[in-house]
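*Asks:* With the hints as your guide, set chain B onto chain A.
Protein sequence lines, in the order shown, are assigned to chains A and B. Counting from 1, position 151 in the first sequence corresponds to residue 151 in our numbering; the numbering is continuous, with no gaps. Counting from 1, position 500 in the second sequence corresponds to residue 500 in our numbering; the numbering is continuous, with no gaps.
Please keep in mind that the hints were generated in silico from the structure rather than gathered at the bench. The reader is advised that the hints may include incorrect statements.
[Stated by the list, open to error] If you want the footprint, here are the derived chain A segments under chain B, 3+ residues with CB under 8 Å:
1. 23-36
2. 41-52
3. 65-79
4. 114-123
5. 135-146
6. 157-171
[As the list claims (entries may be wrong)] Distance condition first, Cα-Cα at most 27 Å in a straight line; then the derived DSS-like pairs of lysine-lysine:
7. Lys336/B - Lys12/A
8. Lys535/B - Lys12/A
9. Lys107/A - Lys12/A
10. Lys348/B - Lys336/B
11. Lys427/B - Lys348/B
12. Lys427/B - Lys336/B
13. Lys12/A - Lys180/B
14. Lys180/B - Lys336/B
15. Lys105/A - Lys173/A
[Claimed, not checked] Residues of chain A clear of chain B, computed beta-carbon distances all greater than 12 Å:
16. Glu57
17. Gln61
18. Leu62
19. Glu174
For every residue, glycine included, the Cβ atom is placed at its ideal position computed from N, Cα and C.
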Amino acid sequence: MALTPPERVWWKRLGRQERLWLGVSLVFIVALFSTMPLWHLLARQNTPHLAYRVSPERFSQLTNDFIARYQVGEEAGIPIVRPPEGDVYLLAMQFQWMPILELTKGKTYRLHVSSVDVNHGFSLQPVNMNFQIVPGYDYVLILTPSEAGEYTIVCNEYCGLAHHQMTGKILVKE
Amino acid sequence: MTSEALSLGRARDFVSRVCPVTGLRIHAAAERLVLTNAVTAVVFLLIGGVMALLVALTRWPTVGLLSSSPELFYRFLTAHGMNMLIYWIIFFEVAGLYFGSAIVLNARLVQPRLAWFAYGWMLGGATITNIMIFMGQGDVMFSSYVPLRAHPLFYLGTILFAVGALIAVGLFFANVIVAKAEGRYTNSVPLVTFGFITAAVIATFTLLGGVITFVPAFFWSLGLTSLDPEVYRLNFWSLGHASQQINLAAMVSIWYLLAFMTTGAKPLNERLSRFAFVLYILFINLGSVHHLLVDPGISIAFKLFNTSYAMYLAVLGSMIHAFSIPAGVEIAQRAKGYTRGVFEWLRKAPWREPGFSSLALSMVLFGFLGGTTGVALGHEQINMIWHNTLAVPGHFHATVVAGTTLAFMGLTYYLIPLIARRELVGKRLAALQPYVYAIGLLLLIAGMMAAGWLGVPRRVADITYSGAPVVATFPITAYIALAVFGMGALISVVGGAMYIGIAVASLLMGKKIPASQEPPVVTAVPTSPAPAEHKMPGTLVLVFSFLAFFILVMVVNMLQLAQVWPIR
Chain A
1 MALTPPERVW WKRLGRQERL WLGVSLVFIV ALFSTMPLWH LLARQNTPHL AYRVSPERFS
61 QLTNDFIARY QVGEEAGIPI VRPPEGDVYL LAMQFQWMPI LELTKGKTYR LHVSSVDVNH
121 GFSLQPVNMN FQIVPGYDYV LILTPSEAGE YTIVCNEYCG LAHHQMTGKI LVKE
Chain B
1 MTSEALSLGR ARDFVSRVCP VTGLRIHAAA ERLVLTNAVT AVVFLLIGGV MALLVALTRW
61 PTVGLLSSSP ELFYRFLTAH GMNMLIYWII FFEVAGLYFG SAIVLNARLV QPRLAWFAYG
121 WMLGGATITN IMIFMGQGDV MFSSYVPLRA HPLFYLGTIL FAVGALIAVG LFFANVIVAK
181 AEGRYTNSVP LVTFGFITAA VIATFTLLGG VITFVPAFFW SLGLTSLDPE VYRLNFWSLG
241 HASQQINLAA MVSIWYLLAF MTTGAKPLNE RLSRFAFVLY ILFINLGSVH HLLVDPGISI
301 AFKLFNTSYA MYLAVLGSMI HAFSIPAGVE IAQRAKGYTR GVFEWLRKAP WREPGFSSLA
361 LSMVLFGFLG GTTGVALGHE QINMIWHNTL AVPGHFHATV VAGTTLAFMG LTYYLIPLIA
421 RRELVGKRLA ALQPYVYAIG LLLLIAGMMA AGWLGVPRRV ADITYSGAPV VATFPITAYI
481 ALAVFGMGAL ISVVGGAMYI GIAVASLLMG KKIPASQEPP VVTAVPTSPA PAEHKMPGTL
541 VLVFSFLAFF ILVMVVNMLQ LAQVWPIR
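For reference, chain A alone in the conformation it holds in the complex (with noise of 0.2 Å):
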């Protein structure tokens, strides 16, 4: 019985059934966790795992250095760019994205994200894939956009108390 101490000898051999719902676990726990390194060698879709340091001030410069050098026109206020293939910037703060990005479906795009204040989270809708943006830390998304439309960023982790206002924007053309 559970609430009482078990008998002497307790190290009893397993029944068979017992040993094969254990052997059937760990060939199940096995082929589950191989999923995952063979994810990274035969599909496309795998966490980015490199980032750099930087201050706020060094990715707003960054950023802003960028929106300069490629901006096409503006809305509600945001600019918009339209880099060619390689490095893009957007910075994120309490209670925006910046800039909007117009890019070109199938061509990759280093995208580096970084926060100036606290931790966002980045939202790509409808595609819904979402990573953790935080400050100190350039996170560089690398990553091919293989539809063309509109899509939105809606910050997804709580960053104040206007965190439901920030919204930002990336365009795919064909």
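*Replies:* Chain B alone, transformed into the frame defined by chain A:
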């Protein structure tokens, strides 16, 4: 031998009574402490429950209760998280630790004064932090990620609480050791106590994690030191996630206890069940890294090892319990003569007994909804389509609420007659309560998961983004999912209120049970020693259906992941 000699010399007598049902010797001071900690837990459950209602009615867009005063939403969400995840659960677990050591072992609780001192620290800490939250000095959420700043007392309250809880855990270990030295039990400890020892070991490093997280945060909030936000996140989750692993170990112990009390089930194989608990001690806390899978600055190797709890060995522990407990119930039921077909034993189980229905519903909801989704969202790559969406709270409401809280509720219906010695008031309501709560939670969890799957974020006051610079819209299906969630929340709040009502009414007005009379609810039937090879076809069908569902969840998630933009 040595311990017996010791026990003769040192064993101290204590004021106690003998439980007429279990034959256990119950230390009066231990009884009072178990009761006080459990009642305090229920008070925090009440606060957290009121917050739950306000938060849920805000996130149900058609109602949108607080969407025009979002600061209140964020304040109440912070209070909901702290009161439910920390205060309700840990106060109840302290009650469980004293029960599992002093009472189950026939022993005394060493140093009752120190136990009251620990209680005072925990209550003081919880009160200070709650005051800060409700004064608007801590709108930082349960996780309080630095550099979001709360009042220094917010962090200090948490430190006080953690220190008090650490003392209680220390007392638990002292009880187990002293009970052995005084010869209160021989051989090994019972499985329930073994499970609580597991919970206490996990609690020790969890609470130490709390100290290393909140002491630096306290000094940082005073402006004395700097604190790296990513280091804070790493440290925080050694408390935030690990504290949920204390729940897991405590809940599984209570599952074994409820299975015994309601059907007379014995652990199928003590060796295997204990081995599964040891797997928890060794590996489960690696799961804290699940929160950091899409964080900058963390290597692939670190993520892979930790996210798989060392190749899913902790998951193996849960798979063992998922088999052992129903198998124990099946064998006990078959021994009573319910042997027809595959499932007569299950059909004829005491479904009107709240302890049994709580056990069954807690296991099913925890396993199918909580366990499988936990492994899916903790998968290194799949995490990208889950992180910080509403599906994450969907997962942990399945584990902590439908699993742990429901199991704790089931146990309460036995603690009231056994420890408080009062008859339950409203037994028919009590028989219904686990079903109401579970149905509400099923809808709530399904709604959260579906909305999160469609990208709806967690911790947000309003998903219409009205007034935002760029319009963000979610599909109509997300709004339907949130309506299902909202209705589920209402039903589960009713179920929670039923529980609190029954517990409070029974404690205040329940008929006193005289020491000689048997408390009426317990239906424990001692089983005869079972043969070496048992028949358990029903359990095999159940566990293999579970495995099939588990595989399905993983496959569906992988197919969805393969649809998103290529990224590395």
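*Asks:* Does each hint hold? Answer for all of them.
*Replies:* Now the hints, each set against the structure:
Beta-carbon proximity to chain B at under 8 Å applies to 10 residues in the region 23-36 of chain A; the threshold of 3 is reached and the given coverage holds. For the region 41-52 of chain A, the stated coverage by chain B is satisfied: 8 residues place a CB nearer than 8 Å to a CB of that chain, which reaches the threshold of 3. Counting residues of the region 65-79 of chain A whose beta-carbon sits less than 8 Å from any beta-carbon of chain B gives 4, enough to reach three: the coverage restraint holds. For the region 114-123 of chain A, the proposed coverage by chain B is satisfied: 5 residues have a C-beta within less than 8 Å of a C-beta in that chain, meeting the threshold of three.
With 11 residues carrying a beta carbon less than 8 Å from a beta carbon of chain B, the region 135-146 of chain A meets the three-residue requirement, and the given coverage holds. For the region 157-171 of chain A, the stated coverage by chain B holds: 13 residues have a C-beta nearer than 8 Å to a C-beta of that chain, and at least 3 were required. Annotation: proposed proximity of Lys336/B to Lys12/A holds, straight-line Cα distance about 24 Å (limit 27 Å). Taken as a hint, the Lys535/B and Lys12/A pair is honoured in the structure, with Cα atoms around 17 Å apart against an allowance of 27 Å.
Distance hint between Lys107/A and Lys12/A is unfulfilled; the C-alpha atoms sit about 62 Å from each other, more than 27 Å. Simply put, Lys348/B and Lys336/B have alpha-carbon atoms about 10 Å apart, close enough for the 27 Å limit, and the pair holds. Distance check on the hinted pair: Lys427/B and Lys348/B sit about 20 Å apart at the alpha-carbon level, within 27 Å; holds. With a C-alpha separation of about 25 Å, the suggested pair Lys427/B and Lys336/B falls inside the 27 Å cut-off, and the hint holds.
For a cut-off of 27 Å, the pair hint linking Lys12/A to Lys180/B stands: about 24 Å separates their Cα positions. Of the supplied pair hints, the one linking Lys180/B and Lys336/B is violated, its CA atoms being roughly 35 Å apart against a limit of 27 Å. Distance restraint check for Lys105/A and Lys173/A: the Cα-Cα separation of roughly 6 Å lies within the 27 Å cut-off, and the hinted pair is therefore satisfied. Every CB of chain B is more than 12 Å from the CB of Glu57/A (nearest about 15 Å), matching its label as outside the interface.
No Cβ of chain B comes within 12 Å of the Cβ of Gln61/A; the nearest lies about 19 Å off, and the non-interface call holds. The Cβ of Leu62/A lies farther than 12 Å from every Cβ of chain B, with a closest approach of about 15 Å, so its non-interface assignment holds. The beta carbon of Glu174/A sits about 15 Å from the closest Cβ of chain B, which is more than 12 Å, so the claim that it is off the interface holds.
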